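Chains A and B, in that order, are what the protein sequence lines are.
The numbers in our numbering rise by one with no breaks, and the one at position 160 of the first sequence is 145.
Just add 688 to the spot in the second sequence (first one is 1) and you have our numbering.
Mixed in with the good hints, there may be bad ones.
Said to hold, decoys possible - With a straight-line cut-off of 25 angstroms between C-alpha atoms, the simulated BS3-like cross-links for lysine-lysine are:
1) B:Lys1140 - B:Lys1065
2) B:Lys994 - B:Lys1065
3) B:Lys1186 - B:Lys804
4) A:Lys152 - B:Lys1065
5) B:Lys808 - A:Lys152
6) B:Lys994 - A:Lys152
7) A:Lys552 - A:Lys537
8) B:Lys1139 - B:Lys1065
9) B:Lys1140 - A:Lys152
10) A:Lys457 - A:Lys537
11) B:Lys808 - B:Lys861
12) A:Lys491 - A:Lys505
13) B:Lys1140 - B:Lys994
14) A:Lys305 - A:Lys152
15) A:Lys601 - B:Lys1065
What the hints assert, rightly or not - Negatives, chain A to chain B, calculated, CB over 12 angstroms:
16) Leu36
17) His40
18) Phe46
19) His151
20) Leu209
21) Pro249
22) Phe560
None of these hints come from the bench; they were simulated from the model.
Given the structure is predicted, the values throughout are model-derived calculations rather than measurements.
Here a beta-carbon is modelled for each residue, glycine too, at the ideal position from N, C-alpha and C.
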Amino acid sequence: MINDVTLGYLIFLCPLLTFVINGLFVGNRNAKAAAAIAVTLNGVSALSAILVAVHYFCSTFAPQKAVLFEYTFLPFIDDLVARIGMLVDPLSVMMLVVVTFISLMVNIYSIGYMREDRAEGRFFALLSLFSFSMLGLVVATNLFQMFIFWELVGVSSYLLIGFWYHKPSAVSASKQAFILTRFADSFFLLGIVLVSYVVGSFDFSAINSLSLYPFRTETIDLGLCVISKANALILGSILIFTGGWGKSAMFPMHIWLPNAMEGPTPVSSIIHSATMVVAGVYLVARLFPFFAVCGDSLTIIMWVGAFTMVFAAVIACTQKDIKRILAYSTLSQLGYMMFALGACKIGQAVVTTGWTASTFHIFTHAFFKCSLFLIAGSLIHQVHTNDLDAMGGLRKKMPVTYVCSLISILAISGIPPFSGFFSKDEIILTAFQAHHYTVFALALLTSGLTTFYMFRLFFLAFHGEPRHEGVKAGHVHEDLAMTLPIVVLAVPALLSGLLGKGLFEKFFTPGKLHAPVFVKLPEASWIPFAAIGIAVLALAIAWFFYASPKAKIQRALDAENRSGLYKVVYNKFYFDEMYYTVVRQFIIGGVARVSRAFNDYVIEGLLAFSVWFIHKLGDLVRTAQAGYLPFYLGTLIVGVLIWRFFGQLPL
Amino acid sequence: METILFNLIWIIPLLTVLVCVPLSATRTGILKAIHATSATIVLLIVCFLTYRVYALTGEPANELAAPLALRFFTDIPWLSMMGAHYTVGADGLNILLLALTAFIVWGGVLVSWNIKGNQKVFFALIQLLATSVYGVYMSFDLVLFFVFYEMEALCMYLMIACYGSGRRDYGGKKLTLTLAFGSSMILATLFGLYFEGGVNSWSIMELSKVSLPMEFQMWAFPLMFMGFAVSSSLFPFHFWSPDGHSAAPTAVSMLAAGVMMKMGAYGCLRVAMFLMPEAAKIWLPYVVALLIFNVVLGPFIALRHKDLKYITAYSSISHLGLIFLGLAALTPVGLRGASLQMISHGFLTGLFFATIGMIYERTHTRDITEMGGIMRKMPFLGVGFVLAGFAGLGLPGFSGFIAESTIFIGAFQQDSTLTRIVTVLAILSITTTAVYILQTANRMLHGPLPKKYEGLTDGCFREKLVIVVLVACLLFIGICPGWIADMLDTSIAPIFEKISAATQPVISGIGG
Chain A
-14 MINDVTLGYL IFLCPLLTFV INGLFVGNRN AKAAAAIAVT LNGVSALSAI LVAVHYFCST
46 FAPQKAVLFE YTFLPFIDDL VARIGMLVDP LSVMMLVVVT FISLMVNIYS IGYMREDRAE
106 GRFFALLSLF SFSMLGLVVA TNLFQMFIFW ELVGVSSYLL IGFWYHKPSA VSASKQAFIL
166 TRFADSFFLL GIVLVSYVVG SFDFSAINSL SLYPFRTETI DLGLCVISKA NALILGSILI
226 FTGGWGKSAM FPMHIWLPNA MEGPTPVSSI IHSATMVVAG VYLVARLFPF FAVCGDSLTI
286 IMWVGAFTMV FAAVIACTQK DIKRILAYST LSQLGYMMFA LGACKIGQAV VTTGWTASTF
346 HIFTHAFFKC SLFLIAGSLI HQVHTNDLDA MGGLRKKMPV TYVCSLISIL AISGIPPFSG
406 FFSKDEIILT AFQAHHYTVF ALALLTSGLT TFYMFRLFFL AFHGEPRHEG VKAGHVHEDL
466 AMTLPIVVLA VPALLSGLLG KGLFEKFFTP GKLHAPVFVK LPEASWIPFA AIGIAVLALA
526 IAWFFYASPK AKIQRALDAE NRSGLYKVVY NKFYFDEMYY TVVRQFIIGG VARVSRAFND
586 YVIEGLLAFS VWFIHKLGDL VRTAQAGYLP FYLGTLIVGV LIWRFFGQLP L
Chain B
689 METILFNLIW IIPLLTVLVC VPLSATRTGI LKAIHATSAT IVLLIVCFLT YRVYALTGEP
749 ANELAAPLAL RFFTDIPWLS MMGAHYTVGA DGLNILLLAL TAFIVWGGVL VSWNIKGNQK
809 VFFALIQLLA TSVYGVYMSF DLVLFFVFYE MEALCMYLMI ACYGSGRRDY GGKKLTLTLA
869 FGSSMILATL FGLYFEGGVN SWSIMELSKV SLPMEFQMWA FPLMFMGFAV SSSLFPFHFW
929 SPDGHSAAPT AVSMLAAGVM MKMGAYGCLR VAMFLMPEAA KIWLPYVVAL LIFNVVLGPF
989 IALRHKDLKY ITAYSSISHL GLIFLGLAAL TPVGLRGASL QMISHGFLTG LFFATIGMIY
1049 ERTHTRDITE MGGIMRKMPF LGVGFVLAGF AGLGLPGFSG FIAESTIFIG AFQQDSTLTR
1109 IVTVLAILSI TTTAVYILQT ANRMLHGPLP KKYEGLTDGC FREKLVIVVL VACLLFIGIC
1169 PGWIADMLDT SIAPIFEKIS AATQPVISGI GG
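Could you put the whole structure together from the sequences, leaning on the hints where they help?
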């Protein structure tokens, strides 16, 4: 009775049903009912996903692809048909489990976190819409379906980031997130249109099995230039990647992600771990065989990822807002995933270990990052501010949270045997094996920075003396609904690397590639030790500055002491300001203003002129009709004379 | 039976006006009840007939109507001395537009419940307007078509000048005179078509069987196309629409932007392109250049405006530009996208103007800088506006996305340089659309609530009903676009066949 197809439907329909029921019928009237519905249905969804995963990986069918169901959504011409379907392969099954599980945890957590909000029903509805959109995205069988859910992910994030719409900062953050990702999406859409035009299909199976060879000779007119179809495909691959560039908040389109912290913390948690930002990495992973044949697109991807990784890690070292530190750490980790995919290319050949490492990192990162955000939410709930200034000394008051956060922080720092070690180590290894030594060095450096800023956060929040009046007075407790998901998430944060390694190495390969694949790779067993060494060193430095008895914490947190480079980094290299200047001065004050002036003065002016001209013409004719007899006579005579002189006028 | 019902679509509104004539203007309750009932009846009839047309897809149609596959075909001699007939019929394209009109008229009647001034005349004018729009979409005879087409601009003028707000005299005059200018261009080419056709008939089907001489087509096509494009506000004839919309009362804005502006695009497709396909092939790739203003600059202009109705008017201008992009693509997908956009945009702009009207009724201002935080006081209306905005920026799930993506894919199939450039620009300008829609929604609905708006109330049942129905239509098309695409495809097929069969003759001058 219950087969995989039924379970597949359940995975989707439960969040959708939650959205419909909570959004339309329960609403904000009955918060308890809304929460109960959300948790139950998301629980069913998570359970189904886990069952599907177990069934899939335990069957002999495992690493192959299958389409559980597929409907025709909108036919265009010939094979160009938009379909909605459910693709099952190791990558999508892994993502299904991650998304549903994280979403369940976040829903449970929200019961506690949103308890005092008056719009709980709306919150649970939107949260489920979010996970529904992400689920649709990960099981997409074709680019069109991916774009549909891609946009839905964008809009649900907009609604959730701006959930507290009476707060101007939240509203503007949500607007910024939506518009920046939308900007990237417009290129994505252009890429889809271009690639589907050349290939004649939206299906991943068709696009991934492509080889550029047959397209060399045909040309395509792109308006400004005529290029061969092979080059058009390369251009298309870069345009498609641009979609992921924006969604995964890679530099320089990263600014929306830290600002998106204005949303409620459960939202940040789900955005950063399972939905939304990993979509960009997922897109590249899904289309990897296509990117692999498309010339240098993977190299672009690698550099974009690597730069974002270092850039974000540097900023994270100076921030004071606990959620912003985590946001920059997400950016940095996304950089790892992205560059691991890009680093797979060596000349014309490809190594597949980077793909495996990257997807593995998506998996492990989801758990510890979700856990970290939920922990941050718990802290914020106690001290009512995001500022590390006000925390400190929470170790004794929140022991469970303390232990769980230690696990997650060790995981993200890449200390064995915690989960992050295994995936991050493989990414660094890939960079080395693929001979990208600069990126390899950057990755090692970033791994040190990661440990430093995470332990900085950890020491400032939990160690030292309490700096908050409420904490000093002892008004701190651990809420059950909020602590339970944190504890549950600590388990995969601890174990998912150890247990997942075998699974990923066995099943996770990017599919059939049309580029030569390197099988024999150089050994580098010293790399894990180097990585651990750097991490431990960074930990020691963090301890020295922020937790040792001699540490001057007040001085470190004091705004007065920021100067020079530190100040520039603290202000995030002034990217927010640059954006505002460009948008205000150039777009709204420039292009839009000129367009409106063109319309209001040139077009309306021409209109006014033609109206004036017609009036004048009327005046002219009217003066001729003045009833003055000699004038009539004169014109008559002149007319007759002209007629006589010029003779056979065709009148 | 169904044929009679079909003919009743335009007769019922006219009868309603006649029925209301003897009633005193003070008995507004009864008047409104009668008008609402009649609008609902028409709506139900049209919905039923739409379903019938869908169900009949694939079955042989009336042979008299060949090459079009028309249902409910009626052909009665009318002005026999000049060969004009009363010819009406329905195919997938126009029955859907009729359905759209019925929905918007129904919504328009319901939202003008509290209109100030003589309500008896106002509702009568709405019904007359409805009659004329129904007539335009139904008729397949050019004289009949033109009569209805002219009637509509007249009703529009009266309603704006008498019931409008702001610069209503200026707006109404601008609108009517510009539309009359377009009509004069159409009229000239209609006579040309009649005499060049030489079959003593004004029927679109009859004329389509004649192959018109190239010299005639080369001047008649641009004239007629631009004449129709005036009412669809194609650059440079878009200037009437912002002033006209902002001066008009809510129901008129809904009807003008929702259905009347589609009449132009419909005329371009059904009359100009269908009857003069050779010239269409030559001229349309150049028309695309005009769209740079509509599609690319339109959203930017909307960004600079503060009046809600101006913003929506420029948004309509940009969305209507996409219709022309689809038409100019001259591919089956493009034409289908254009027709989808006509329908989709009708619903979404109807919803836009309806919510704006409701909000204006309460706040008494349309300036977004003066508003703020009204989402808290009017959650329902606010959500309605946001949903209209989402549909407008092409969010999947709503019909706008289906239409836009179809147009983009269709337009990209066209291999001409200019079309490619404009298509690329159009795709990239989806961001600008998002910017002005979100900016408007944020300024108006979010943020702190000004003191003076503490006493605002949310929509009443009647208003909620309008919003719910329009949103449901948008979602319905957006989630199940397959059937509507089928219907449109079958009715576009003969038009596209004619265009693709048109061999491009070698002539000197442009395009050759």
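- Verify the proposed pairing of lysine 305 of chain A with lysine 152 of chain A, using a straight-line Cα cut of 25 angstroms. OK: lysine 305 of chain A and lysine 152 of chain A at ~21 angstroms, within 25 angstroms.
- Over 12 angstroms to the closest beta carbon of chain B is the bar; see if leucine 36 of chain A clears it. holds (28 angstroms)
- Under the criterion that the straight-line Cα-Cα distance not exceed 25 angstroms, is the pair lysine 994 of chain B, lysine 1065 of chain B satisfied? Satisfied, since the Cα-Cα distance of roughly 21 angstroms is no more than 25 angstroms.
- Is the straight-line distance between the alpha-carbon of lysine 457 of chain A and that of lysine 537 of chain A 25 angstroms or less? holds (20 angstroms)
- Query: Is it the case that phenylalanine 560 of chain A keeps its Cβ farther than 12 angstroms from each residue Cβ in chain B?
  - Reply: holds (19 angstroms)
- Message: Would the non-interface assignment of proline 249 of chain A survive a Cβ cutoff of 12 angstroms against chain B?
- Response: Check passes; 16 angstroms lies beyond 12 angstroms.
- Message: Between the alpha carbons of lysine 491 of chain A and lysine 505 of chain A, is the straight-line distance 25 angstroms or under?
- Response: holds (17 angstroms)
- Message: Hinted pair, alpha-carbon criterion (25 angstroms max): lysine 1140 of chain B, lysine 994 of chain B. Please report holds or violated.
- Response: holds (19 angstroms)
- Does the structure keep lysine 1140 of chain B and lysine 152 of chain A at a Cα separation of 25 angstroms or less? holds (19 angstroms)
- Starting from lysine 1139 of chain B, check that the Cα of lysine 1065 of chain B is at most 25 angstroms away, please. Measuring from Cα to Cα gives roughly 12 angstroms; hence the hint holds.
- Status of the stated non-contact between leucine 209 of chain A and chain B (beta carbon gap over 12 angstroms): violated (7 angstroms)
- Item | Restraint status (C-alpha distance of lysine 152 of chain A to lysine 1065 of chain B at most 25 angstroms) | Within the cut-off at roughly 16 angstroms; holds.
Violation of the numbered hints given earlier is confined to hints 3, 5, 15, 19 and 20; the remaining hints are satisfied by the structure.
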